[in-house]
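The sequence shown runs 584 to 864 under this note's numbering.
Rather than coming from a laboratory, the hints here were simulated on the basis of the structure. For glycine and all other residues, C-beta sits at the position ideal for the given N, C-alpha and C. Each hint should be verified, as a subset may be incorrect.
[Claimed, not checked] Below 27 Å or equal to it, Euclidean Cα-Cα: the simulated BS3-like pairs (lysine-lysine) are: (1) K815 - K694; (2) K634 - K681; (3) K609 - K634; (4) K681 - K694; (5) K694 - K835; (6) K609 - K856; (7) K835 - K681; (8) K815 - K835.
[Said to hold, decoys possible] Between beta-carbon pairs, the in silico distance windows are: (9) Q619 - R770: 35 to 43 Å; (10) E643 - N791: 25 to 33 Å; (11) K694 - Q619: 44 to 52 Å; (12) Q820 - K634: 22 to 30 Å.
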Amino acid sequence: MATRRSRKVAEHAITPAHFGWSVQGKVATITLNRPQWKNPLTFESYAELTKTFVALRRQESIKVVMVTGAGENFCSGGDVHEIIGPLVEMRAKKQHGKLLGFTRMTGELVKAMRACPQPIVAAIDGVCAGAGAILAMASDLRIGTPRSRVAFLFVRVGLSGADMGTCALLPRIIGQGRAGELLYTGRFMSAAEAERWGFYNRVVPPENLQQEALRTAQELANGPTFAHAVTKRCLHQEWDMSIEAAIAHEAKAQALCMQTEDFARAYRAFANKETPVFEGN
């Protein structure tokens, strides 16, 4: 059994090489940091992002994750030269197994993000396209700027909109008809549309984006950690449940939350007319 000290060491063992990583209090920030090319993803960054979100399941000191891009863009998708070119070469060589291996690998990133118990806040400026749009979609909350633009542009390169779970996730965020329009046309969604359609939780000036996203992340981080993880898990698991099954599922989930010390803290604070200070247990 791991000692308290060994768990502490493990909690600070995330040291990615292909994107920025920083921790401020209870909030960890992932920064896609290839700004000269609008922060595209590579084979290596895909794999490392997946590994990081899996590792976050064991990071008890990190309560919320923020994802953002360096410079004035979020992420332009898969790198044309480092990903798209090699994939076309695999196709030419009829290496169908390798192509399937790649698409399965990218899907693992979304699965890791959804299974990560910490809420994920995406701070989106500038271009948010392709796999970048999927990273934003797989996050729990999204904050954009007026100049940000979102596109699931797979159709523009001869691919379907069925990528990394988009056909399942996107309609649940913005609706079936709107998702279909974006996936069939590959067009960019403006910030105003993204907010009106529910993709963005809100839109803020570019100069306020990082501060607002961090404020939101810190507010969540100061909440009841166990309860937030239960909410995220239920939001994910109940998509394909009937209402009756969801009610039964949530009865068990809420009963677990009632066994936490944070629940008792909140009651004591209310009784004393104080603001509860949650500790995550």
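Against the structure, the hints:
1. K815 - K694: holds (13 Å)
2. K634 - K681: holds (20 Å)
3. K609 - K634: holds (20 Å)
4. K681 - K694: Holds: K681 and K694 sit about 20 Å apart, inside 27 Å.
5. K694 - K835: This hinted pair holds, its Cα atoms lying about 24 Å apart.
6. K609 - K856: With a Cα-Cα distance of about 26 Å, the restraint between K609 and K856 holds, given a limit of 27 Å.
7. K835 - K681: violated (42 Å)
8. K815 - K835: OK: K815 and K835 at ~15 Å, within 27 Å.
9. Q619 - R770: 35 to 43 Å: Once the Cβ atoms are compared, 26 Å apart, the range 35 to 43 Å for R770 and Q619 is violated.
10. E643 - N791: 25 to 33 Å: holds (31 Å)
11. K694 - Q619: 44 to 52 Å: violated (30 Å)
12. Q820 - K634: 22 to 30 Å: holds (23 Å)
Comparing the model with each numbered hint stated earlier shows that hints 7, 9 and 11 do not hold.
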